[in-house]
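Engineer: So you can see what is in the structure, the chains are spelled out below.
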Amino acid sequence: MTDSPVQVPGTLLTLRRAGAYHTMTLVAPGVAERFRPGQFVALAVGGEQSSMLLRRCFFVREVKPDYGGTIEIVFSVRGKGTGWLAALRPRDIIDVAGPLGRPFPLPRDPVTCVLLGVAHASAALFPLAAVLRQRDCRPCFLLGGAGSDDVLGARGARRAGDSVAVATRDGSLGSAGQVEDLLPELIETAGADVVYACGPLDTLRTVTRIAAGYGIPAQVAVEEPMACGTGVCMACALPVVGDDGATHMVRTCVEGPVFRGERVRWDDVGTIPFDALGAPRALRLGERP
Amino acid sequence: MTDSPVQVPGTLLTLRRAGAYHTMTLVAPGVAERFRPGQFVALAVGGEQSSMLLRRCFFVREVKPDYGGTIEIVFSVRGKGTGWLAALRPRDIIDVAGPLGRPFPLPRDPVTCVLLGVAHASAALFPLAAVLRQRDCRPCFLLGGAGSDDVLGARGARRAGDSVAVATRDGSLGSAGQVEDLLPELIETAGADVVYACGPLDTLRTVTRIAAGYGIPAQVAVEEPMACGTGVCMACALPVVGDDGATHMVRTCVEGPVFRGERVRWDDVGTIPFDALGAPRALRLGERP
Amino acid sequence: MSVDLRARLGHAVLPNPIMTAAGCGGAGRELGRFFDVAKLGAFVTPSIAPEPRAGRPAPRLAETPSGVLNSTGLQGPGIDVFLTRDLPWLDQQGARAVVSIAGNSIEDYAEVAARLADAPGVTAVEINTACPNVGDRGLMFAAHPMAAAEVVRAVRAHTRRGVPVLAKLSADVTDVVGVAMACADAGADGLSMINTLHGMVVDTTTLRPRLAGVTGGLSGPAIRPVAVRCVYQVHAALPEVPIVGMGGVRTGLDALELVLAGASAVAVGTANIHDPSASVRILRELETALRERGIARLADAVGLAHKPAGTLIRRIDPNVGVGEPTEQETLQ
Amino acid sequence: MSVDLRARLGHAVLPNPIMTAAGCGGAGRELGRFFDVAKLGAFVTPSIAPEPRAGRPAPRLAETPSGVLNSTGLQGPGIDVFLTRDLPWLDQQGARAVVSIAGNSIEDYAEVAARLADAPGVTAVEINTACPNVGDRGLMFAAHPMAAAEVVRAVRAHTRRGVPVLAKLSADVTDVVGVAMACADAGADGLSMINTLHGMVVDTTTLRPRLAGVTGGLSGPAIRPVAVRCVYQVHAALPEVPIVGMGGVRTGLDALELVLAGASAVAVGTANIHDPSASVRILRELETALRERGIARLADAVGLAHKPAGTLIRRIDPNVGVGEPTEQETLQ
Ligand SMILES: Cc1cc2nc3c(=O)[nH]c(=O)nc-3n(C[C@H](O)[C@H](O)[C@H](O)COP(=O)(O)OP(=O)(O)OC[C@H]3O[C@@H](n4cnc5c(N)ncnc54)[C@H](O)[C@@H]3O)c2cc1C
Ligand SMILES: Cc1cc2nc3c(=O)[nH]c(=O)nc-3n(C[C@H](O)[C@H](O)[C@H](O)COP(=O)(O)OP(=O)(O)OC[C@H]3O[C@@H](n4cnc5c(N)ncnc54)[C@H](O)[C@@H]3O)c2cc1C
Ligand SMILES: Cc1cc2nc3c(=O)[nH]c(=O)nc-3n(C[C@H](O)[C@H](O)[C@H](O)COP(=O)(O)O)c2cc1C
Ligand SMILES: Cc1cc2nc3c(=O)[nH]c(=O)nc-3n(C[C@H](O)[C@H](O)[C@H](O)COP(=O)(O)O)c2cc1C
Ligand code: FES
Ligand code: FES
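Residue numbers (the numbering used here), protein chains in the order written: chain A, 1 to 289; chain B, 1 to 289; chain C, 1 to 332; chain D, 1 to 332.
Next comes chain A alone, as it looks inside the complex:
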C-alpha cells in the first residue's frame, strides 16, 4: 500500500440507476489496491475537447480486485458534469485520479462505532464498515436524507452494520427529522466509542458537538467544493485548527476530507477567520488595507 495516488484511464463497466442515484463501476487499476476508506476519486468529465475543466470528486463505496481493480461510486445528477457522467455507456473511458485525501483513522481496539451519513455522502461509510468489521469493531449505522429516495444504502447497511437506523426530513422512511437527532440515543444505548460522519456541514457540526458532549471523538469527512482534488488549486480551503493551536486555511482535498470534528471551525466556514494564519491585516489590526 502506498500513499501516492495514480491517474489512470478508467473503463466504465456498469452504470445503474436506482432512485435518485447512479451507481457506476469503473475498472481503474491501481486505484482499488491503494484505496483506504474515506478517500475519494476525482474524475475528468466531458471528453477530450471538454469545455469543463474542473474535476468532479466522489467517495468510493466499494473496491473489488476484479479486472485488475474496480471502484464503485454513487452519485446524483447535480449539474453539467454529473449529467455527462450519467449519460455514459459501458466501455467508455473516464480519466480517474485517486485515491485522494486522508482516509478515516481506524481504531486500534475492537470498539463500537457510529457511522452517520446523509444522502450520497453515506457512500464513504460502507468500505469503512467493512474494514471496521475486519478489526472486530461494531459499526452502527445512522443514515439520513431528505426523503426515502435520498437515503443511500439502507439495505446494504443492514448487512454491513450491527444496527441501522434511518431518519428522513419528510418522514417518508424511518423517523422524521434530521438523522443527527438520533445520535445521542445511539451513543448511549450502543456505548459508542467514536463517531464517523459524512454529510452536509450543518450535520457535521452538530455531530461534532454531540460527540464532544459525550467526550468521544468525531471523525468527519467534509465535502467542500473542490476543483482539482489533488491540492494544486487552493479551491477547497477550510479553516482548521492545527496542532500548533493556530487556525490554518487548509486544503480539504489533501489535508482532508477527513478531519477530527472539533478541529474544524464550523461557524467560520466560508470566511477567513480574523485570527487565521495570514488573515488580512486590516481585519486583524484594524489597519486600512
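If you're looking for bench data, these hints aren't it; they were derived computationally from the structure. One or more hints might be untrue.
Short, incomplete list of chain C residues facing chain D, as computed with Cβ under 10 Å [to be verified]:
| # | residue |
| --- | --- |
| 1 | Pro52 |
| 2 | Asp175 |
| 3 | Pro221 |
Okay, the calculated beta carbon distance ranges per label pair [what the hints assert, rightly or not]:
| # | chain 1 | residue 1 | chain 2 | residue 2 | range |
| --- | --- | --- | --- | --- | --- |
| 4 | B | Asp275 | C | Arg161 | 38 to 48 Å |
| 5 | A | Pro90 | B | Ile93 | 11 to 21 Å |
| 6 | C | Asp91 | B | Ala176 | 51 to 61 Å |
| 7 | A | Gly242 | D | Gly187 | 33 to 43 Å |
| 8 | B | Gly270 | A | Gly68 | 45 to 55 Å |
| 9 | D | Ser2 | C | Ala309 | 56 to 66 Å |
| 10 | D | Ala237 | C | Arg85 | 42 to 52 Å |
| 11 | B | Glu33 | D | Val177 | 53 to 63 Å |
Below are the EDC-like pairs computed for lysine to aspartate or glutamate, each with C-alpha atoms no more than 20 Å apart in a straight line [what the hints assert, rightly or not]:
| # | chain 1 | residue 1 | chain 2 | residue 2 |
| --- | --- | --- | --- | --- |
| 12 | C | Lys39 | C | Glu287 |
| 13 | B | Lys80 | D | Glu285 |
| 14 | A | Lys80 | A | Asp92 |
| 15 | D | Lys39 | D | Asp4 |
| 16 | B | Lys80 | B | Glu224 |
| 17 | B | Lys80 | C | Asp203 |
| 18 | A | Lys80 | A | Glu33 |
| 19 | A | Lys80 | D | Glu285 |
| 20 | B | Lys80 | A | Asp170 |
| 21 | B | Lys80 | C | Glu63 |
| 22 | D | Lys307 | C | Glu287 |
| 23 | B | Lys64 | B | Glu33 |
Note that CB positions come from ideal geometry on N, CA and C, so glycine has one too.
Following the hints, put chains B, C and D with the ligands in place on chain A, whose structure we already have.
Structural biologist: Frame of chain A, contents of chains B, C and D with the ligands only:
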C-alpha cells in the same frame, strides 16, 4: 418544396465505416423533403457543453422518406468535429440545419452530363444523378481520389450512371493521375452538354477551363471552409463575378456552394481582388490606408 | 405568472431584451429563414460604413476552445445599399432595427449617422468604436476615452432626439469604466459591451497565423466572464445608464447572468453561428428562468447581483424547479 | 531524429521549455505524487509574499466555458516558510525552481527578492505584477508601464546577476507592448505572459457573484487566443527578449502555438487542475510535434509564425504523420 431550411434534432440511425469513410444516416424530418441535389447540411458537434462552436458542413448523398425523412452523409475524420461524429452511436441526437445553399441547376432537356467528383465531394453527385435520370438525362461519372480508398461510390456510380471512369493519383484504381485529365476525352466521346463537378479548388478550376474550351457550361460545387453554413458569419467569402460584371465577395454557403464555373475568380481565391466591390481603397487607388 | 419582459434603452422601449449582436445575424433574411425576426427585442445590423467593403481575405474565422476568432474586416454593402435593400426588409418584417455604424474617422461615423437620420425604421444607433482610427495610427477609437467620446458626440449630433445612441465598447482596455464614463458624458444614451477580445491563433500545421488578417476578435462563451465583469463594473459606476450586455451568451441563464450584472438588454452573437435559432430559444429560456425565480419584471432583475443576498428574490434550485419559498429564502 | 529541447531564458538554460505556471502546480509535492518534477524545464512556485497569506474566503473557483475563474487571494506560506520548507524540497528533487514573487508595494517585492538572493536553488525569479498596489488605489502594478518598471528595477537590484528576472504581465491593458518595453528597459531578462484576464461569474441560482471575491482571474484554453496575440505582439516588438508563454495550454500543439508566436518557454497552468500529469504529457507531445515537423531545435521554432510561409520547415498534415516533403513543401 420550399426554399427555407429547417433546424431539427436528428437521430442517428446507422453509422458504418468503409475504408476511409464513415457513412451516417440520420432521421431528420423536414430536411429530406426539402432537399435538392448539391445542397448540404450543417451539423453541430460536441454535444450540449461543446467547446466547438462552428458547424460542420456535409453534402447529402441520399435522402429517403423512411421514418419521416432520412439523410445520408459520407465523411472522413479530419479534425475534432469529424472525430466526434465518428464516435457517435445509434439513437444519439445531432442538431441538423438544412438543406442549405443553392442546388445544382437542372437541364430542361434530356442532355448528356458529366458528373465529376473527387474524394468525399463526390457524395453530392449521387442525388444529382438520380434526378438527372428522372429527366432522361445521361449522367456519366468521373470519380477521382488520392488512392483507391479515397474514391467514393464507384460501385454506386455504376448503377446510377451511364458510364463510370475512375482515376487515382497513385494509380491504385482506374487510371493514374488527376481525374480531370479524363474530362476532355469523355466530353468528346459522350458528347457532353454540361459538366457538374465537386472537389478541390484546383480540380474545379481545371474543369471550368476544360468545359469552357468545349463551349459547355460547368456547374461546380465549391467546398470553401465554412463556419455557420447559414449565411450569418461571412467566413466563406469567395470572389465571384456577378450579373453586373463586377466582382463581389459572395458567401459560398448562401449564394453557393454551386456556381457557374467561369464566374468564380479561381486565381484570386483567398484574396480580395483589387477590383472587387469594396476592396480596400489603398489597393485600388494607391492611396495610403 | 406572466413576466413583463420589456426593456428600456433611453427613449426606446423594446418588447423584450434579446437582440442579435452586430455582424452575427446577417442582414436579417438569413435568420429570418429559421424564425420571425420581429419576435426579438431588436435586430442589430452588421456595422455599416459609408462605402461598400469587401472585407478581409479568407480564412476569416477560426474555432478556439468555446470561442471563435474572426477577422471578417466588416464586409458590408455600405450605407446606400443598406438603406435601399436591408433596412426596408427589416422594417417590413416589423423588426426593430438597431443600426450599427462603423468608420475610420469621425467624419465616416457622422456621415452614416446623418444618412440614417431620415430613414424610417431605425430604433437605435449603435456605434462600433472598435474600428481603427486612421487619424491615430490605426488604434481603435475604443482604446482612448477621448477618441470614443468624440465619435459619440458626432453621432449624437446627427441622430434624431428620440433615437437612442449606444456606444459599443471594447474590453481590451486598462480601464473600461473610464471609457464608459467618457461616452456617457458625450451623450451616449446607452452602452453596449463587450466587443470581441483581441486574439490570435497560430496554425500548427502551416506554422503561420491561422487567419489571413493575422489577429482577430475573440467571441463566444469563452469570453463571457470578461463581459460579465465589464457590465458589472460599468453598471456599478453608472447605474442610470442602460447597458446592452453581450459576450458568450448561449442560453437563457447566460442572458440572465448579464442582466443580474447590470444589463438592461442582451445581445446574442456567436451563438447564432452555432445555432441559428439561438436568439429565440434564449428569449424563451430567459422568460422561463425569470418565472422560475419569481421575478415578475425583467427590469427588477437588472443589476440584482449588486444588491445584498436575498433581496427581493427567492433562491431556487434550478434542478428541482420552483418550490414554495421557505423562511430562509424570502425577503431578508 | 532527436530534438534539442533546450530553452534559454537570459542566463538560465533549461533542459526543456515546459514549466508549471505560478499558483497552478502547488508547492511541488502535489504534482510530485504523479510524476518527477525534475523532468520539467522548471517548476514555478505560487507567488510568494513577505508574510503568510490566508487568501480569500470560499468559493474561490468557478468553472466557465473552457476556462476557470479564480480568486484565491494568493494564499501562501510567506517567504520564511517557503525558504525552509518548499524551496529545499524542490532543490532536493533536482527541480529548477522559478520563484514567483508577490507584493502590494515596491518594498514587498524588494524584500522577497532580497531574501531569495542567498537561497540556494533559485533558477529564476518571476515578478507577479498583477498584484494590487496599495500605493495606487489598489490598481495592479501591471496596469501602468511605470509602476511595472519600478517593481522590475527593485527586484533586479536585489537579485544576483546570474539569476534572470522575469516580469509577468497582464493582458488586461490597452497596450501590452508598452508595458513589456518598460519592463525590458527596467532590466527584466525575460517576460512571462499572460496572467489571468479579469472576469466574473454571477450565480443564476443565488443571483449573486459566484466567487466570494466577486471578480477573479480567468484562465484556461478559453484565453489562449489572447495569450498567443500578446506573445506575438511583444515578440514582434522585442525579438531579443525571451518570453515564457502561458495561457490555456492543454496539449503539446498548444505549447507549440505559443512557441511559434514567439515564446522561448511555455508554462502550463489550469491544465494541471484538469489533469495532474498535463505538464509531462505536454512535454512529450511537444517533442513529438517538433520531430514530426522536422524541427531539430526548439529554438528554431521560436517566433516562426512571424516569418514568411515555408521558412525552414515542411508543412505536414498532422492527421497523417510525416510524409516525404514534396516540392511545394520544402524551402521556398
Ligand atoms: C470529497 C468529495 C466527495 C464527494 N462524493 C460524492 C459522492 O459520492 N456522490 C455524489 O453524488 N457527490 C459527491 N460529491 C459531490 C460531487 O463532487 C458534486 O456533486 C459534483 O462534483 C457536481 O458536479 P456537477 O458537474 O454536476 O455540478 P457543477 O455545479 O457543474 O460543478 C461545477 C464544479 O463545482 C464543483 N462542485 C459542485 N458541487 C459540489 C459539491 N457539492 N462538492 C464538491 N464540489 C462540487 C464540481 O466538482 C465542479 O468542479 C463529493 C464531493 C467531494 C468534495
Ligand atoms: C459545402 C460543404 C460540403 C462538404 N461536404 C463534405 C462531405 O460530404 N464529406 C466530408 O468528409 N467533408 C465535407 N466537407 C468538408 C467538411 O465540412 C470538413 O472536413 C469538416 O468540417 C472538418 O471538420 P473537423 O471538425 O473534422 O475539422 P476542424 O479542422 O476541427 O474544423 C474546424 C472548422 O473548420 C471548418 N473546416 C475545416 N475543414 C473544412 C473543409 N474542408 N471545408 C469546410 N469547412 C472546413 C469546419 O467546418 C469547422 O468549422 C464539406 C464542406 C463544405 C463547405
Ligand atoms: C463573425 C463576427 C462578426 C462580427 N461583426 C461585428 C460588427 O460588424 N460590428 C460589431 O460591432 N461587432 C461585431 N462582432 C462582435 C459581436 O457583435 C459581439 O460584440 C461579440 O462577438 C461578443 O458577443 P458573442 O460572444 O455573443 O459573439 C462580430 C463578431 C463575430 C463573431
Ligand atoms: C488557481 C490559480 C492560481 C494562480 N495563482 C497565481 C499566482 O500565484 N501567481 C501568478 O503569477 N499567477 C497565478 N495564476 C495565473 C497563472 O499562473 C497563469 O498565468 C494563468 O492561469 C494563465 O495560464 P493557464 O491558462 O495555463 O492557467 C493562477 C492561476 C490559477 C488558475
Ligand atoms: S480542490 Fe484544488 S486544492 Fe483542493
Ligand atoms: S459559413 Fe457563415 S456565412 Fe457562410
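Engineer: Quick one: which hint numbers does this structure break? Sort them smallest to largest.
Structural biologist: 1, 18, 19, 20, 22
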